[in-house]
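Here the protein sequences come in this chain order: A and B.
When the letters of the first sequence are read in order and numbered with our numbering, they come out as residues 1 to 587.
When the letters of the second sequence are read in order and numbered with our numbering, they come out as residues 1 to 587.
Keep in mind the hints are simulated off the structure, nothing from the lab.
Only a predicted model underlies this, so the values are computations on that prediction, with no experimental measurement involved.
One thing to keep in mind: the hints can contain errors.
No copy is singled out in the list; a pair is fine if it fits within one copy or between any two copies.
Cut-off 27 Å, straight-line C-alpha distance, at most; resulting in silico cross-link-like pairs (DSS-like, lysine-lysine) [unchecked claim]: (1) K365 x K347; (2) K83 x K493; (3) K518 x K394; (4) K57 x K518; (5) K301 x K324.
So you can see what is in the structure, the chains are spelled out below.
Number of protein chains: 2
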Amino acid sequence: MTCGDLRPTHVGQKVTLSGWVHRSRNLGAMVFVDVRDRYGITQVMFDPRFSPDSIYKGAKELGHEYVIRVEGEVVLRESPNHKIPTGLIEIQAHSMEVLSEACVPPFAIADDTIDVHEDLRLRYRYLDMRRGDIVPTLIMRHKAMQVVRSALTEEEFIEVSTPVLSKSTPEGSRDYLVPSRVHHEHFYALPQSPQMFKQILMVGGLDKYFQIVSCCRDEDLRSDRQPEFHQIDMEMSFATQEGLFPIVEDLIRRIFHECRAVDLAPPFRRMSHRECIERYGTDKPDLRFEMEIVDATDLAKETSSALLNEAVSSGGVVRGLNVKGGARLSRKEIEAYQQVVVQFGFKGIAWMKRQDEGLQGGIAKYIGCNEQPRWIERFEMEVGDCLMILAGEKSRLLKALDQLRRRLGKDFDLIDPSRYEPLWVTDFPLFMWNEEEGRMESETHPFTSPHLDDLDLLDSNPIGVRSMGYDFVINGYEIGSGSQRIHDRGLQKKIFSVLGLTEEEIANRFGFFVEALKFGTPPHLGIALGLDRLIMILIGTENVKDVIAFPKNHWAQDLMTGAPSEVYEAQLKELGVTVGESTVGQN
Amino acid sequence: MTCGDLRPTHVGQKVTLSGWVHRSRNLGAMVFVDVRDRYGITQVMFDPRFSPDSIYKGAKELGHEYVIRVEGEVVLRESPNHKIPTGLIEIQAHSMEVLSEACVPPFAIADDTIDVHEDLRLRYRYLDMRRGDIVPTLIMRHKAMQVVRSALTEEEFIEVSTPVLSKSTPEGSRDYLVPSRVHHEHFYALPQSPQMFKQILMVGGLDKYFQIVSCCRDEDLRSDRQPEFHQIDMEMSFATQEGLFPIVEDLIRRIFHECRAVDLAPPFRRMSHRECIERYGTDKPDLRFEMEIVDATDLAKETSSALLNEAVSSGGVVRGLNVKGGARLSRKEIEAYQQVVVQFGFKGIAWMKRQDEGLQGGIAKYIGCNEQPRWIERFEMEVGDCLMILAGEKSRLLKALDQLRRRLGKDFDLIDPSRYEPLWVTDFPLFMWNEEEGRMESETHPFTSPHLDDLDLLDSNPIGVRSMGYDFVINGYEIGSGSQRIHDRGLQKKIFSVLGLTEEEIANRFGFFVEALKFGTPPHLGIALGLDRLIMILIGTENVKDVIAFPKNHWAQDLMTGAPSEVYEAQLKELGVTVGESTVGQN
Numbered sequence: 001m002t003c004g005d006l007r008p009t010h011v012g013q014k015v016t017l018s019g020w021v022h023r024s025r026n027l028g029a030m031v032f033v034d035v036r037d038r039y040g041i042t043q044v045m046f047d048p049r050f051s052p053d054s055i056y057k058g059a060k061e062l063g064h065e066y067v068i069r070v071e072g073e074v075v076l077r078e079s080p081n082h083k084i085p086t087g088l089i090e091i092q093a094h095s096m097e098v099l100s101e102a103c104v105p106p107f108a109i110a111d112d113t114i115d116v117h118e119d120l121r122l123r124y125r126y127l128d129m130r131r132g133d134i135v136p137t138l139i140m141r142h143k144a145m146q147v148v149r150s151a152l153t154e155e156e157f158i159e160v161s162t163p164v165l166s167k168s169t170p171e172g173s174r175d176y177l178v179p180s181r182v183h184h185e186h187f188y189a190l191p192q193s194p195q196m197f198k199q200i201l202m203v204g205g206l207d208k209y210f211q212i213v214s215c216c217r218d219e220d221l222r223s224d225r226q227p228e229f230h231q232i233d234m235e236m237s238f239a240t241q242e243g244l245f246p247i248v249e250d251l252i253r254r255i256f257h258e259c260r261a262v263d264l265a266p267p268f269r270r271m272s273h274r275e276c277i278e279r280y281g282t283d284k285p286d287l288r289f290e291m292e293i294v295d296a297t298d299l300a301k302e303t304s305s306a307l308l309n310e311a312v313s314s315g316g317v318v319r320g321l322n323v324k325g326g327a328r329l330s331r332k333e334i335e336a337y338q339q340v341v342v343q344f345g346f347k348g349i350a351w352m353k354r355q356d357e358g359l360q361g362g363i364a365k366y367i368g369c370n371e372q373p374r375w376i377e378r379f380e381m382e383v384g385d386c387l388m389i390l391a392g393e394k395s396r397l398l399k400a401l402d403q404l405r406r407r408l409g410k411d412f413d414l415i416d417p418s419r420y421e422p423l424w425v426t427d428f429p430l431f432m433w434n435e436e437e438g439r440m441e442s443e444t445h446p447f448t449s450p451h452l453d454d455l456d457l458l459d460s461n462p463i464g465v466r467s468m469g470y471d472f473v474i475n476g477y478e479i480g481s482g483s484q485r486i487h488d489r490g491l492q493k494k495i496f497s498v499l500g501l502t503e504e505e506i507a508n509r510f511g512f513f514v515e516a517l518k519f520g521t522p523p524h525l526g527i528a529l530g531l532d533r534l535i536m537i538l539i540g541t542e543n544v545k546d547v548i549a550f551p552k553n554h555w556a557q558d559l560m561t562g563a564p565s566e567v568y569e570a571q572l573k574e575l576g577v578t579v580g581e582s583t584v585g586q587n
Numbered sequence: 001m002t003c004g005d006l007r008p009t010h011v012g013q014k015v016t017l018s019g020w021v022h023r024s025r026n027l028g029a030m031v032f033v034d035v036r037d038r039y040g041i042t043q044v045m046f047d048p049r050f051s052p053d054s055i056y057k058g059a060k061e062l063g064h065e066y067v068i069r070v071e072g073e074v075v076l077r078e079s080p081n082h083k084i085p086t087g088l089i090e091i092q093a094h095s096m097e098v099l100s101e102a103c104v105p106p107f108a109i110a111d112d113t114i115d116v117h118e119d120l121r122l123r124y125r126y127l128d129m130r131r132g133d134i135v136p137t138l139i140m141r142h143k144a145m146q147v148v149r150s151a152l153t154e155e156e157f158i159e160v161s162t163p164v165l166s167k168s169t170p171e172g173s174r175d176y177l178v179p180s181r182v183h184h185e186h187f188y189a190l191p192q193s194p195q196m197f198k199q200i201l202m203v204g205g206l207d208k209y210f211q212i213v214s215c216c217r218d219e220d221l222r223s224d225r226q227p228e229f230h231q232i233d234m235e236m237s238f239a240t241q242e243g244l245f246p247i248v249e250d251l252i253r254r255i256f257h258e259c260r261a262v263d264l265a266p267p268f269r270r271m272s273h274r275e276c277i278e279r280y281g282t283d284k285p286d287l288r289f290e291m292e293i294v295d296a297t298d299l300a301k302e303t304s305s306a307l308l309n310e311a312v313s314s315g316g317v318v319r320g321l322n323v324k325g326g327a328r329l330s331r332k333e334i335e336a337y338q339q340v341v342v343q344f345g346f347k348g349i350a351w352m353k354r355q356d357e358g359l360q361g362g363i364a365k366y367i368g369c370n371e372q373p374r375w376i377e378r379f380e381m382e383v384g385d386c387l388m389i390l391a392g393e394k395s396r397l398l399k400a401l402d403q404l405r406r407r408l409g410k411d412f413d414l415i416d417p418s419r420y421e422p423l424w425v426t427d428f429p430l431f432m433w434n435e436e437e438g439r440m441e442s443e444t445h446p447f448t449s450p451h452l453d454d455l456d457l458l459d460s461n462p463i464g465v466r467s468m469g470y471d472f473v474i475n476g477y478e479i480g481s482g483s484q485r486i487h488d489r490g491l492q493k494k495i496f497s498v499l500g501l502t503e504e505e506i507a508n509r510f511g512f513f514v515e516a517l518k519f520g521t522p523p524h525l526g527i528a529l530g531l532d533r534l535i536m537i538l539i540g541t542e543n544v545k546d547v548i549a550f551p552k553n554h555w556a557q558d559l560m561t562g563a564p565s566e567v568y569e570a571q572l573k574e575l576g577v578t579v580g581e582s583t584v585g586q587n
């Protein structure tokens, strides 16, 4: 029997409850104690008429967060509490045992409306767990993981544990390293992802793999990043996107159904990377609201605005967003949005409103009367709308408009928080140009397959080659990323040569992995879905710490355990490792 | 459609199969190719009468382990192969595509009877996966994990991921350390177990936790040990053994049922640690065969054997095993068993046989005729049995008899490999005496609860105090270990004082954890089951590498990836770490 179970149907039953003293009220003649466990709160009444004197007296002395066990009879409450499921009954205590006393906690447990500094909450994570949403979130997270495992098991995917002690590779982010005691001057690396291992499993003939796995990246943290994160990692052989996407879609559908009772309807939308960037300025658009980016470069040429003209003549573009109902913004309010775009190098936002009289304000004065209808038509402006326009270099401009669009979506309340808009973004570029090093780089890794329609561009226009890489996006967040991999050795060589890699560099950087691909590699593809991010979306938080049992703080510290911490000199000696200024100090 | 699917019912169907070229035979007029995938092998026939000439010619040139896709019609085979499920049919190929060529593998895939050196198999793990039992084992392992998760989820246990980047603690085995880049001279440790985190979850109010988790210990390896291992970790609040054991038993029952179709029948046997040691000389007895240790110290006094008499008079014991049917052993064969006991400091085994004429051979001559019946009765000797006896210090003697018993069990074929004998060993000692440091130590950790019946011995005879710790054993292997934890602060203080720990030592060694226990700790207990060992028992191997996808070798190296490996100086610099002789070299 738990503290969340009892209802009026139990009246008359003798029960035993255990839990924490959540609140207690000493009314003199009797003592009321709210007993709490993971499942709920039940009121217990200590009344000298029904319980031995010692019990009644003991109840008076209970402190907050004492752990007790109570036996008694379920009775109807005189004054019901309709806010909690057990609020119609209470326990008339016959006996009570203190299982464990408690010191006064550093913050109140019973009142979780009080704002407690995050550092204190992290240090006493176990007390914070007794309040608020951490435990319900962990339960939802468990449920999501169970759904993933059931769904993928039904599809004959096999969960395989890949090593924690892995090999450091120069690709990707910074590795966490682990010195080897047996082989001094040698290090393991914690896995940034099981990418190579899962592809190796495909080479080994296990055609459907998955794993819910902890990965580590030693990067500087943000509110949505932790040094260790969790992904739902998948790979399958002898398949293409048409085989993988429905499996992932069903997985996501089931997670949302089980965890949030939200019914998504696969197949999900798909959009090419190119189209996505053009329409939303980003490869992870929030599709819960419209407001697409519209091009007006051609119209801009016809205006008398020097600013727009100059931008166009120097090779830039002019694009904008129609802010529905934006005409109610004051000039000052519009100018406040400039702070969103200045970080991208834009001095300001050009704007105009459609009023009953036509386009007004801002740059309207540069637009001839004859031209106005074309602008209105292009942006589908109605009376009361406001156009916001940027002019300049295309890629910066798109990034800025993406940010502006997200901000406007919030400010104009265009986003229904109960809505979920999943999207596949496909056909990512295969290469990107590394300006600094003056060479071509893989957008993800060199094992991503080029789009088969673009093979003839590999020599003539590599930067224009699309890949078979894809992202999975929900509500403006990237949830997952993956690709069809190259399984043909000839094509793999071609890609290496476009990247300008020598045999030696290939061996150094990808060594054993390239060797493995030589022995008969099946066509295969995969994806990694971010579990933490998925749970964040399910519960609607922007703080990744909310979805992890024992998170690190902004400086990668566990404030509860004190990790990282100093260790004994003897431990380091065994590892053949020296730290600190000792080498300098010797001089 | 997979290479394991097709049966005579499919005859006439057009199918597409993909897989690896397992074997091929060129008969001139036609070519037969066995195509293999995870699910099975199917024979494909290339005959110029049914397939275009180019396809037929292409088939001739297929090398081993090429990856191909074949389309064709299912037909009955003229000469069926009854050894494989698809052996009644074959595919008459209409078309064929080479998806990926393959270099000649370093060892044959199709013939897995050839002995390949383990190093080579580990280096080319992905090729070894295409032969033999690795993939079926990984599939069984997945099945076992799924059973665990389903069973525990049904019992409202919540799977919670605990940190990989944890805190180094001086307890237990050697830690793997991870230098912190953000906090130089500080280190994370990889978890040896999530012990403290799971107890903290109980303090936080999550009353039922589990996790299938990778743990790491930097110890020298044996054939049944890896630097990283996997455990099924559990903890629950407001419960005792009577609550936990049935849950674990049902878990184990379901795993054996699902993975091996073996039906174990809970409740499992229980035996106290004390009884276990007396009867089998070990806390992890193999109960698949009898042959218990029997005491004959009293009888030994009555013999004229100087050896036995001396052992007894110097405080030792005399105990032995009745080897059923052992009388057929020659003196030489019996003496060969001495090598089992010499490592424990015994010079030899005393023995005698029961023949038709009575006790004969070995020490029989020291036993008077009147005494013989007592020996025969004590050891329940029948004609044809052989008694093996050791005399000396009890604890060494019991260890030696355990080893001798295991060896005899094998040699006399007493062990039915299809039989599983689970056992709970309870009431482990709470303390042990550290001879070197001259002080009392916890048998496991100082948070294990003493047996409540033995509390009054804590002062008078601490070494005699039983704990509420328990092991779970199957067939002579420890599968799991756990205990009821202390939740009472007074009792916890008492234990610390018996251990002679000062407040400062307590803070240094257990710091945050002891603090957490102050704020209202519920009664709780838990267990950790070794997943790797469990799978080893399920498939009947002694080599832990057989049950892990990517194992390390004896020197903690991953021969496939080359981990651990050298890293760039720049990486170490960022971490503030120096390796090797550089500090010495500066002088």
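Determine which of the earlier numbered hints do not hold for this structure and return their numbers in increasing order. 2 and 3
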